[in-house]
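From first to last, the protein sequence lines are chains A and B. Read in this note's numbering, the first sequence has 397 at position 397, and its numbers run on one by one without any break. Read in this note's numbering, the second sequence has 77 at position 77, and its numbers run on one by one without any break.
Because the hints were derived from the structure by calculation, they are not lab data. Any given hint could turn out to be false.
Said to hold, decoys possible - Chain A regions said to be covered by chain B (calculated; three or more residues, Cβ under 8 Å):
hint	segment
1	40-50
2	178-184
3	395-405
4	427-435
What the hints assert, rightly or not - Partial selection, computed: residues in chain B whose CB lies under 8 Å from chain A:
hint	residue
5	GLU40
6	ALA50
7	ILE54
Note that the Cβ used here is the ideal one computed from N, Cα and C, for glycine as well.
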Amino acid sequence: MSSQILIDPITRLEGHGRIHIFLNDGGDVDRAYLQIPELRGFERFAQGRRAEDMPQITSRICGVCPMAHHMAGTKALDDLYHVDPPPAAKKVRELVYDAFMVEDHALHFFYLGGPDFVVGPTAPKAERNILGVLGKVGLEVGKEVIGFRKEIRGLISEASGKVIHPVFGLPGGVSKPFTPELRDGFAAGAAHAVEFSRFALQIFRDVVLANPDYVELITSEAYTHRTYYMGLMDEQNRTNFYDGHLRVVDPDGKEFLSFDPKDYLDHVAEHVEPWSYLKFAYLKDIGWKGFTDGPDSGVFAVAPLARLNAADAMSTPLAQEAAEEMFATLGGKPVHHTLATHWARLVEMLNAAERMVELAADPEIASSEVRTIPTETPTVGIGVVEAPRGTLIHHYETDEQGLITQANLIVATQNNAARIALSVDKAAKALVHGPEVDEGLLNEVEMAFRAYDPCFGCATHSLPGEMPLIVEIKGPDGELVREIRRDG
Amino acid sequence: MMEGRPCCLVLGLGNELAGDDAVGLLVAREVRHITDADVEVVESSASGLALIEIFAGYERAIVVDSILTGHDPPGTIREMGMDEVGRVVAPSVHQAGLPELAAVAERLGLTFPTCTRVFAVEVVDPFTLGAPLSAPVAAAIPELTHRVRDLLVCWALQEEPCTTTMR
């Protein structure tokens, strides 16, 4: 019988994953995995509801990325009602969506990636948090982050009703046109966003890239998997978060698939494991070969690094420069190092900010033509966007009255789930030897999945506080030989 | 206190679609009917450091949320002060405890509640979309609402010294 290390949060918390680490008789890691409870019952919940309510309802599934669900749902309704929104409506949607991407990426980098990289993975636990980040980069930066997010969230609220539960997208368009004042507000916010993103990239250069230990960590084998990558692209195979076709590149970076998101079921399938509620998406064209990487395994990744890998180029010039710098520094394209996701996220933040500048300056953006009224009978609707955490697909089928008969969501974390499992297993095998696991080492295992920013189960809030973790190490006969409490 | 701005925040946390997880939001809605202009009632699905923007600017705050410990019967209400809410060491960005939020706010010079009470309700199933509230959790809503209201009244009358729950 093998030993088991269990990191188990005992209270409810958002992202309440458990890491199980099984040791073999020799004391090395036999297998490690992350167990993720997931929200259940979406399909049954959706049945019988009015399809047009879905963008509002699904935005309530997740408190972290409501705008992503709202937008994927809205696009699914366009498809369901066979209606093409006017150009201004598409631009307004994309502009607001890019603002959301900027804001979410900023939150992630400073609050989540920051503790690992700005403060350092081996820094004392007490410093490895947002306070440590502030200590390192300065309080002024902290105020800037909070002020900047407030500005962008204010713009999103003004455009969409609410940040948290947007009432914005409608089948065939948006609920209200941009006023000239709102356009000017977005133009100013966009310029600020570009400056802010460049500033964040400079922090990354100064703090992370200037430290050879960090670069070595990013490129180390423990955090590397040679998988396929997927992302939404424009006609020129450049990044686009709002619309386009899905493109998949192979582990050598060559195009493997390019398809209309409506055909996703032809290319993406889901594998089920008895130990996880979460289904593991894989490429049907390759097949499920287990938790392994390489060209023969259907495991793929989504999210910032995957999008950069899957694109021929970024859609904006400064982001393109930043992406080239990343690829040049990390040994060329594609980059297979999971921890580089943090860097890619900043490149994307700049990309979204520059795209905001372009769209806010578009003469059509304040046009009053923002709605095409649907007239056709609803049938099937599939909508896709790039959520901050990766490709998000909404799929609705309805009766003639537009009542949902079937609904399916594939969220980013599902698309990434197999690669996340690979990451946890590989990091644990490389780092853990025997039951004497210290907290710093566990943090390095956690870093393997934290880079993806997995949104566990879209169950998105937590009691503020009291979220202890417990590590249980069990001996060959199942007896508890060691317990590490991580309740601060 | 800022001019013309409520000094107390009542924050209901949860996901209204996910069964028992809605309890914090439902209590906030009840409380909204019985409070005056000096109290702001907010419902939110956000978490962690994103909450800092909600707390900022208030002197006092009451938080209502669900909790799943498995140690108490469903519907059990735990009331905690800031000092009893543990520090968070958790594996995702979205996680940060009240003490950490308060510390960040202090470092950044933001106004943050100096007095915070948390009501946490033990739940049965916060993971099933479209599920109804479980009976014991639904039954806890009136008592929760009363306790929140009573605390607000105490604060308004200054009967409860804030020092007992100060960070």
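| field | When the least beta-carbon distance from ALA50 of chain B to chain A is tested against 8 Å, hint result | value | The hint holds - ALA50 of chain B has a Cβ within 8 Å of chain A, the shortest such distance being about 7 Å.
| 8 Å C-beta criterion, at least three residues: is the segment 427-435 of chain A covered by chain B | violated (count 0)
| said: Given GLU40 of chain B as an interface hint, is its Cβ closer than 8 Å to any Cβ of chain A? | reply: Interface hint status for GLU40 of chain B: violated (15 Å vs cutoff 8 Å).
| query | Quick one, is the ILE54 of chain B hint okay against chain A at 8 Å, beta carbons? | reply | 10 Å, violated
| task | Confirm or reject the coverage of the segment 40-50 of chain A by chain B under the rule of 3 or more residues with a beta carbon closer than 8 Å to the chain's beta carbons. | result | holds (count 5)
| said: Using a Cβ cutoff of 8 Å, are there at least 3 residues of the segment 395-405 of chain A near chain B, or does the coverage claim fail? | reply: violated (count 0)
| Coverage assertion for the segment 178-184 of chain A with respect to chain B, Cβ distance below 8 Å, three residues required | violated (count 0)
Of the numbered hints stated above, those contradicted by the structure are hints 2, 3, 4, 5 and 7, listed in ascending order.
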